[in-house]
Every structure is written in structure tokens, then in C-alpha cells.
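For the sequence shown, numbering that gives the first Met the number 0 begins at 0 and goes up steadily by one.
Hints are computed from structural coordinates only; laboratory data are not their basis. Some hints here could point you the wrong way.
Claimed, not checked - Using 25 Å as the maximum straight-line C-alpha spacing, the simulated DMTMM-like pairs for lysine to aspartate or glutamate come out as follows: (1) Lys-194 / Glu-67; (2) Lys-266 / Glu-193; (3) Lys-194 / Asp-293; (4) Lys-71 / Asp-200.
What the hints assert, rightly or not - Label-pair ranges, simulated between beta-carbon atoms: (5) Pro-29 / Tyr-98: 20 to 26 Å; (6) Leu-248 / Tyr-101: 29 to 35 Å; (7) Leu-393 / Asn-68: 39 to 45 Å.
Note that the Cβ used here is the ideal one computed from N, Cα and C, for glycine as well.
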Amino acid sequence: MARKYLIPSLFYLIVTLVSGCYIRLQWAEPSLMVFNPKFLIHSHSHVAMLGWLFLALAGLISQFGMNENGRKKMGHPLYLVLLHTAIAGMTIAFALQGYAFYSILLSTLFIILSLWFAFVYFSNENMAVNPLVRNFLNAAVFWMVFSSVGPLALAGGTMMGPDWIQGWVAFYLHLQFNGWITFALAGLLIAWLEKSQIHVDQRPGSIAFWLLFIGVFPSMEPLIRNLTGNDLWIFAGIGGATMVLAGTLLLAIVLYKYFRHIPACPKVFIFTALASFLLKSLFHAIASIPGIGDGLTGTHLFAIGFVHLLLLGFASTAILWLILSQTFTLPWNKTIRTGSWILIMGIIGMVGLLFVFGMYQYLQIPLFLPVQWLLFGTGLIVLAGGCIILYALLAEPGTSVAR
Numbered sequence: 000m001a002r003k004y005l006i007p008s009l010f011y012l013i014v015t016l017v018s019g020c021y022i023r024l025q026w027a028e029p030s031l032m033v034f035n036p037k038f039l040i041h042s043h044s045h046v047a048m049l050g051w052l053f054l055a056l057a058g059l060i061s062q063f064g065m066n067e068n069g070r071k072k073m074g075h076p077l078y079l080v081l082l083h084t085a086i087a088g089m090t091i092a093f094a095l096q097g098y099a100f101y102s103i104l105l106s107t108l109f110i111i112l113s114l115w116f117a118f119v120y121f122s123n124e125n126m127a128v129n130p131l132v133r134n135f136l137n138a139a140v141f142w143m144v145f146s147s148v149g150p151l152a153l154a155g156g157t158m159m160g161p162d163w164i165q166g167w168v169a170f171y172l173h174l175q176f177n178g179w180i181t182f183a184l185a186g187l188l189i190a191w192l193e194k195s196q197i198h199v200d201q202r203p204g205s206i207a208f209w210l211l212f213i214g215v216f217p218s219m220e221p222l223i224r225n226l227t228g229n230d231l232w233i234f235a236g237i238g239g240a241t242m243v244l245a246g247t248l249l250l251a252i253v254l255y256k257y258f259r260h261i262p263a264c265p266k267v268f269i270f271t272a273l274a275s276f277l278l279k280s281l282f283h284a285i286a287s288i289p290g291i292g293d294g295l296t297g298t299h300l301f302a303i304g305f306v307h308l309l310l311l312g313f314a315s316t317a318i319l320w321l322i323l324s325q326t327f328t329l330p331w332n333k334t335i336r337t338g339s340w341i342l343i344m345g346i347i348g349m350v351g352l353l354f355v356f357g358m359y360q361y362l363q364i365p366l367f368l369p370v371q372w373l374l375f376g377t378g379l380i381v382l383a384g385g386c387i388i389l390y391a392l393l394a395e396p397g398t399s400v401a402r
């Protein structure tokens, strides 16, 4: 069943990387522009979040956190057809028309399908799973369901104005990034350790869980400050971001303790993921400080750098490690090692450039460099690494899904 989710998710990752490169190419060379850039960004972000990340996480959670009955339901052909119809349809519809009838219709279908996944998960939990793993996976699916309120609330945007739209978009993205994705990956990494007979210390893991869980909601405040503007909310935002940072640090220490002895090539995925996880929470804490945070979140390249740090640096590297190390019985041969190093170097280069250029933008220092061409180049490096890894999974003889 896992293969039905994970191989398609890798194809959606390639589509995400191709569209990201093309966005940069359009900005670097406007004469090559075919799609409306705003529409293409919507398409790019939706295929990244709902094609690559949702499919991969749903497949991994089904494998690690559901019983056999749940896995059978998740592998039902009708469900998979509807899921791919929604994802592929959204990717095309957003690129062609932005937010309009077909893209909204398909987005609504996807929300319904994601709620079905949540229902199947909660009604078919694998009760033999470690309690700490269950806590993280339960919280992840809870935040995924709760985040769905955001897109549904956007229906009132035309009547309530731009602040309403901005607030609910921030609500959705925050709960996706800091709730659904973060808790799912934490639970899956601990599940892998437990399945490998490496038992994680429950006490620090539980403390990290509660710090992260309680901090999720108040740490959203910097993103909706223009809607609150209240000193009490500002202190809540700082407190929430501090709790998330503390929970992140504790969880990273716990995971590093157990993962530090794995071989060098797999280790680079884990270390990149943990370092990105820490940096993400550190930047979030800094952004909660009034004055500093307002300027940083309002700086385009810095904000884009933050999103790529989380989705590429943290989420994508952790998911790829889980796919390569556990889900497929495939050795870390020369092809996979080459693709892995190329992909990681490209991610580090892209995210690093976004933050450096973002700081120049924040400090209003002129930058006489071909920014878009440099970002396009790093995007091609990431794409090359991703294609090599996918080729290795599809072409290597004897590749199979680990049960």
C-alpha cells in the first residue's frame, strides 16, 4: 500500500521542483513567460503541499500508525483516483486560472478526501505503536483537520476584506507547517527508531511534545498581528514562539542522540532536517519580537526563505530519508548517494541564498547580483538530485516496499 502513495508523491515532488525552476526562469527572463506568475505560484505551492507532502505523509502514517484494515481502506482504488484527480486537477487549474471555479471545486474535493484520511486514521489506529509516537501522529492529524477551517473561511473573503483573507491564509499555513507537518515527522522519526528496536526516552520526548503542542496556537500571533494589535496578544505570541523553540531544541537533542551513529550519507538527511527544524523555530521566535518580526515577515525573500527552509530543508529531507531508509528495501548505492548529496547541496544553496538576499532586502542594501538566475541555478541542482533519487528507486532491480 505504501508504494501507491510514495512513488506518486515523488513524481509530485519533481513537478514541484520543475514549476519552481520555471517560476524563477520567468522572473529572470520575462520574454519566456507563458503562465501568469501569480497563478503559477499558487499551482506550485498546492502541488508541493498537497501532492508531495500530503501524499508522502499519508502513506508513511498509514504504514507506521494504522492497522491492516486502515491500510486497506487507504489503498482503495476509488479513493486514490479521486485523490490524484484533485491534486493533478488543482495543479493545472491554478496554473491556468488562479483562484476560480475549478480550482476551488477541486480544493474542496481535496479537503473532503483529507478528512476521510483523518477518519480512517482515528478509527484504525495501530494500538501497538509506542504511546509517544501515537501522541505525535494523533496531534498531526488533529492539526491537519483543524487547519481545513482556513480555506473554508476564505469563502467570506469578498465580504470581510483583505485582512480577513490574510488572517485565514496565515491560520491555514501556520497549522500546516507547525502542526500537521512538524508533528507528523516527529512521530514518524520516533516510529522508525522504535521499529528498529531503538527505544526513545519517553520523558524528554513527552515534554517536547507538550511544549510544541501548547505553543502552536499562540505562536501564530506574529502572522496575524495586524488583526490583533493588542499587547496581551503580542506577549502570547512571544511566549508561544519561545515554547515552540524550547520544544524543538529538546526534540532535536533527543533525536540526534539516537541518529548520530547511522552511516554518513543517510546521516546528512537527518542532520539537514534537524538543523532546518531548529533554524525554523529560531527564526519564528525572532519574528515574534515586535519591530524586528514585522520587518522580517514583510521582507519577500526572507519570507520565501523561511518557507523553503521548512518545506525543503526540514520536511522534504526527513521524508526522503524515511522513504529511502525504511519504506524501500534498497541499499544506499552510488546512484542514491550521488543524488542525495546533489539534492542536499542544492537545498542548502537555495535556502542560504534566499536568506542572504532577504537580509540585503531587509537592510535595504542594493544587491548587484543576478538574484533570480542564481536561485534558478540552485533550483536546477535540487531538481537534478531529486530526479536521480527517483530514477534509482524505479530502475534498481529488486526494489520493493518494506512491510
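Status of each hint after checking the structure:
1. Restraint check: the Cα-Cα separation between Lys-194 and Glu-67 comes to about 16 Å, which is no more than 25 Å; the hinted pair holds.
2. With a CA separation close to 18 Å, the supplied pair Lys-266 and Glu-193 stays within the 25 Å bound.
3. A threshold of 25 Å between alpha carbons decides the hint, and for Lys-194 with Asp-293 the separation of about 43 Å lies outside it, so the pair is violated.
4. For the hint pairing Lys-71 with Asp-200, the CA-to-CA distance comes to about 32 Å; that exceeds 25 Å, so the pair is violated.
5. Checked against the hint of 20 to 26 Å, the pair Pro-29 and Tyr-98 passes, with Cβ atoms roughly 23 Å apart.
6. In this structure, Leu-248 and Tyr-101 break the distance hint of 29 to 35 Å, their C-beta atoms being roughly 44 Å apart.
7. The supplied range of 39 to 45 Å is broken by Leu-393 and Asn-68, whose beta-carbon atoms lie about 30 Å from each other.
Of the hints listed earlier, those the structure fails to meet are numbers 3, 4, 6, 7, in rising order.
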